[in-house]
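Enquirer: One-letter residues, chain by chain:
There are 2 protein chains.
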Amino acid sequence: MKRVYNFSAGPAVLPEEVLREAAEEMLDYQGTGMSVMEMSHRSKTIEGMMNEAAQDLRELLNIPEHYKILFLQGGASQQFAMIPMNLMKNRVADHLNTGQWAKKAISEGKLYGKINVIASSEDQNYSYIPDLKDLKFSEDADYVYICHNNTIFGTKFNKLPDVGDKPLIADMSSNFLSEPIDVTKYGLIFAGAQKNVGPAGVVIVIIREDLITEDVLPGTPTMLKYKVHFDNNSAYNTPPVYGIYICGKVFKWLKKLGGLEAMKKINEEKAAILYDYLDASDMFKGTVVKKDRSLMNVPFVTGSEELDAKFIKEAKAAGFENLKGYRTVGGMRASIYNAMPIQGVKDLVEFMKKFEAENK
Amino acid sequence: MKRVYNFSAGPAVLPEEVLREAAEEMLDYQGTGMSVMEMSHRSKTIEGMMNEAAQDLRELLNIPEHYKILFLQGGASQQFAMIPMNLMKNRVADHLNTGQWAKKAISEGKLYGKINVIASSEDQNYSYIPDLKDLKFSEDADYVYICHNNTIFGTKFNKLPDVGDKPLIADMSSNFLSEPIDVTKYGLIFAGAQKNVGPAGVVIVIIREDLITEDVLPGTPTMLKYKVHFDNNSAYNTPPVYGIYICGKVFKWLKKLGGLEAMKKINEEKAAILYDYLDASDMFKGTVVKKDRSLMNVPFVTGSEELDAKFIKEAKAAGFENLKGYRTVGGMRASIYNAMPIQGVKDLVEFMKKFEAENK
Ligand SMILES: Cc1ncc(COP(=O)(O)O)c(C=O)c1O
Ligand SMILES: Cc1ncc(COP(=O)(O)O)c(C=O)c1O
Ligand SMILES: [Mg+2]
Ligand SMILES: [Mg+2]
Ligand SMILES: [Mg+2]
Ligand SMILES: [Mg+2]
Numbered sequence: 285m286k287r288v289y290n291f292s293a294g295p296a297v298l299p300e301e302v303l304r305e306a307a308e309e310m311l312d313y314q315g316t317g318m319s320v321m322e323m324s325h326r327s328k329t330i331e332g333m334m335n336e337a338a339q340d341l342r343e344l345l346n347i348p349e350h351y352k353i354l355f356l357q358g359g360a361s362q363q364f365a366m367i368p369m370n371l372m373k374n375r376v377a378d379h380l381n382t383g384q385w386a387k388k389a390i391s392e393g394k395l396y397g398k399i400n401v402i403a404s405s406e407d408q409n410y411s412y413i414p415d416l417k418d419l420k421f422s423e424d425a426d427y428v429y430i431c432h433n434n435t436i437f438g439t440k441f442n443k444l445p446d447v448g449d450k451p452l453i454a455d456m457s458s459n460f461l462s463e464p465i466d467v468t469k470y471g472l473i474f475a476g477a478q479k480n481v482g483p484a485g486v487v488i489v490i491i492r493e494d495l496i497t498e499d500v501l502p503g504t505p506t507m508l509k510y511k512v513h514f515d516n517n518s519a520y521n522t523p524p525v526y527g528i529y530i531c532g533k534v535f536k537w538l539k540k541l542g543g544l545e546a547m548k549k550i551n552e553e554k555a556a557i558l559y560d561y562l563d564a565s566d567m568f569k570g571t572v573v574k575k576d577r578s579l580m581n582v583p584f585v586t587g588s589e590e591l592d593a594k595f596i597k598e599a600k601a602a603g604f605e606n607l608k609g610y611r612t613v614g615g616m617r618a619s620i621y622n623a624m625p626i627q628g629v630k631d632l633v634e635f636m637k638k639f640e641a642e643n644k
Numbered sequence: 285m286k287r288v289y290n291f292s293a294g295p296a297v298l299p300e301e302v303l304r305e306a307a308e309e310m311l312d313y314q315g316t317g318m319s320v321m322e323m324s325h326r327s328k329t330i331e332g333m334m335n336e337a338a339q340d341l342r343e344l345l346n347i348p349e350h351y352k353i354l355f356l357q358g359g360a361s362q363q364f365a366m367i368p369m370n371l372m373k374n375r376v377a378d379h380l381n382t383g384q385w386a387k388k389a390i391s392e393g394k395l396y397g398k399i400n401v402i403a404s405s406e407d408q409n410y411s412y413i414p415d416l417k418d419l420k421f422s423e424d425a426d427y428v429y430i431c432h433n434n435t436i437f438g439t440k441f442n443k444l445p446d447v448g449d450k451p452l453i454a455d456m457s458s459n460f461l462s463e464p465i466d467v468t469k470y471g472l473i474f475a476g477a478q479k480n481v482g483p484a485g486v487v488i489v490i491i492r493e494d495l496i497t498e499d500v501l502p503g504t505p506t507m508l509k510y511k512v513h514f515d516n517n518s519a520y521n522t523p524p525v526y527g528i529y530i531c532g533k534v535f536k537w538l539k540k541l542g543g544l545e546a547m548k549k550i551n552e553e554k555a556a557i558l559y560d561y562l563d564a565s566d567m568f569k570g571t572v573v574k575k576d577r578s579l580m581n582v583p584f585v586t587g588s589e590e591l592d593a594k595f596i597k598e599a600k601a602a603g604f605e606n607l608k609g610y611r612t613v614g615g616m617r618a619s620i621y622n623a624m625p626i627q628g629v630k631d632l633v634e635f636m637k638k639f640e641a642e643n644k
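Chains U and Z, in that order, give the protein sequences.
Residues in the first sequence are numbered consecutively from 285, following our numbering.
Residues in the second sequence are numbered consecutively from 285, following our numbering.
It should be emphasised that the hints constitute simulated quantities derived from the structure, not laboratory data.
Heads up, some of the hints might be wrong.
When chains are identical, the list treats them as one kind, so a pair holds in a single copy or across two.
[Claimed, not checked] Calculated pairs, DMTMM-like style, for lysine to aspartate or glutamate (alpha carbon to alpha carbon, straight line, at most 25 Å):
1) 387 with 640
2) 388 with 331
3) 387 with 498
4) 394 with 498
5) 608 with 312
6) 637 with 423
7) 450 with 566
8) 539 with 634
9) 373 with 545
10) 394 with 499
11) 398 with 499
12) 417 with 589
13) 630 with 312
14) 286 with 308
15) 536 with 312
16) 600 with 331
17) 328 with 590
18) 450 with 331
19) 286 with 301
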């Protein structure tokens, strides 16, 4: 069996331990004689597994009781519609435009109401987070929306906008569970599982109780109502059971590791190894302003497309997979999610040094 | 490792061979050094896997080129909204009410237009399929909708209504790939994967090309447009890759078995073993009129709630799992999907005979 260092932006590397356990339990989960894939979502075993996953997540993020956890389908992209459909009462929202995923949420929001883009970093190819001091929020905005970590551009909100009593909505698809957060600062947090948490096909929503309401926009499908999923404990219809099961194992793995404080330390250490080298290197450089750098997604370039291509090719041959950057940034991107071992980043930097020495 | 005979209505039994392969490949899929769960949906490997799954499905069902295959999220329940949102042009549809899932599609349809219920078997607790001869279709109906196999009530459309040139829409969640069908009789077929095909979290849609249009109802979320998923080869956003991978393995398993003609024979043999015994038994009897019986879901009762409960309990102790019927029918239900081995049905009938002898 071969394993590589997988720097994919998502779906992405998972803890090897989690995969091993899943493989072992594939035909017989906890002595039931069935696979998790084969069991009714109404069975005690699966209900128990789902509740335990939610409880572990609650502990990890220190989620207060008046915030509810939903395991849904449709990916993060479906949230771009669910959010306005459920939360727009005045049909107005304030958005910050910090990258491609922020932009997709803006265009989807426009299907349902007026979207005010109150700040943007598009002018510099999203290489920074806009100044949050002088934001002009709209009186009648139902919420303020941010993409907390910009997967493609490698920026992160290291501070939050001061939204007063407006609900702050955050797409945390690419930095969910990478460090502790204060959940009470948000009205709603969502994350596609396929980066830091599990396989594609599960999206996790953490929503403040008072935002779960019956009065959604006309024409909202039953499956797109938060209230329906909340009232049915995420099992209104058949949930993506196997994906939730893997997420649950990742939560246990995080708890065993020491929780999110411990995870944050490791992530900072990993990121520092890479950023320090990028700052010191004459060949490679990061594309993001220092203060707004992501802990998870690290885009970098050599300045020469040819050299970038050569690097990506040779890195792949050496067992460093999926380092090609997104086309709108170019160059390389190393996604160093929770499950990327520190050794993977050390080895990558060693490889980069060698490459630099050989190609200067 | 223990394995039981699992008669769950869904999520349901999968071929043991498929689960074994998935377990073996969990950490290293085809020498990539990554799990299928860890790989980008934009990678050659995953694109190839998804295309192969679609191609195998096309072969199995003999799907003509002008029908398109989509792998989506949201379960069958999300189709209850997607169908009207995408296919209603006049905002009128004709529905046949043959059970709980048929009814759910009706109520969801009413969010979007006028639903004419042109036939119903509600009067006899859905124990039969209504007469299809004198159906009065609505001139302006955009489509005619049926639930092809009624999971809860154990009925199946063994003939189809003659809908002329209206598109016939069929929910085949619980009998998909159980036997050959003539795809050209339908405008759209959909099936939640979690019964006959794979894990929960994937829904398969087969749709006639001309029904994939841009002019959907106002307010339709991007993720709920068939055209968006078709234009992006089911990868507009991150698809439920692992679920599709398991479906793909089930398709290969079916092909190896000899395809759907062979599968049908086996399913008929299995069903006959059970139905013949139900007809002969003095204690147990099926709840569905003979001509409308499902090959997949077999509800039966003893006539005594106490005896039903005793049977379910003893059957469970003997390794026959999930035989409890749905509350609206009561008694028992044996779901004998493709992956249920013939031996499982034989053993169940032996057990029923023994129980009958001991309890008369
Ligand atoms: C920040 C962010 N939001 C949303 C998405 C879209 O996720 P999905 O593919 O699950 O719809 C992504 C995917 O990469 C992402 O990185
Ligand atoms: C015939 C039929 N349609 C629809 C559904 C709903 O499927 P899902 O849970 O995937 O939404 C089911 C589930 O049992 C079903 O049997
Ligand atoms: Mg981005
Ligand atoms: Mg540098
Ligand atoms: Mg039914
Ligand atoms: Mg009888």
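Enquirer: So, for every hint listed, does it hold in this structure?
Expert: Consistency of the hints with the structure:
In this assembly of identical chains, residue 387 and residue 640 lie within 25 Å of each other by CA distance neither inside one copy nor across copies; the values are 36 Å within and 65 Å between. In the homo-oligomer, the alpha carbons of residue 388 and residue 331 lie at most 25 Å apart only across protomers (23 Å), although the nearest pairing inside one protomer, at 34 Å, exceeds that limit. In this homomeric assembly, residue 387 and residue 498 come within 25 Å of each other (Cα to Cα) only across copies, at 22 Å, whereas the closest approach inside a single copy is 28 Å. For the identical chains of this complex, residue 394 and residue 498 are neighbours both inside a copy (22 Å) and across copies (17 Å), given an alpha-carbon limit of 25 Å.
For a Cα distance limit of 25 Å, the shortest separation of residue 608 from residue 312 across copies, 21 Å, qualifies, whereas the shortest one inside one copy, 39 Å, does not. For the homomeric pair residue 637 and residue 423, neither the shortest alpha-carbon distance inside one copy (52 Å) nor that between copies (73 Å) is at most 25 Å. In this assembly of identical chains, the alpha carbons of residue 450 and residue 566 never lie at most 25 Å apart, being 45 Å within a copy and 67 Å across copies at closest. Within a single copy, residue 539 and residue 634 get their C-alpha atoms no closer than 31 Å, and across copies no closer than 48 Å, so neither meets the 25 Å cut-off.
For a Cα distance limit of 25 Å, the shortest separation of residue 373 from residue 545 qualifies neither inside one copy, at 37 Å, nor across copies, at 54 Å. For the homomeric pair residue 394 and residue 499, the shortest alpha-carbon distances inside one copy (19 Å) and between copies (17 Å) are both at most 25 Å. In this homomeric assembly, residue 398 and residue 499 come within 25 Å of each other (Cα to Cα) both inside a single copy, at 18 Å, and across copies, at 22 Å. Taking the shortest alpha-carbon separations for residue 417 and residue 589, neither the intra-copy value of 37 Å nor the inter-copy value of 68 Å comes in at or below 25 Å.
Taking CA atoms no more than 25 Å apart as the test, residue 630 paired with residue 312 passes between copies only; the shortest distance there is 23 Å, against 38 Å inside one copy. In this assembly of identical chains, residue 286 and residue 308 lie within 25 Å of each other by CA distance both inside one copy and across copies; the values are 18 Å within and 13 Å between. In this homomeric assembly, residue 536 and residue 312 come within 25 Å of each other (Cα to Cα) both inside a single copy, at 20 Å, and across copies, at 23 Å. For a Cα distance limit of 25 Å, the shortest separation of residue 600 from residue 331 across copies, 19 Å, qualifies, whereas the shortest one inside one copy, 42 Å, does not.
Proximity of residue 328 to residue 590 under the C-alpha cut-off of 25 Å is restricted to the inter-copy arrangement: shortest distance 22 Å between copies versus 57 Å within a copy. Taking identical chains as interchangeable, the C-alpha atoms of residue 450 and residue 331 are never at most 25 Å apart, the minima being 34 Å within one chain and 42 Å between chains. For the identical chains of this complex, residue 286 and residue 301 are neighbours both inside a copy (15 Å) and across copies (23 Å), given an alpha-carbon limit of 25 Å.
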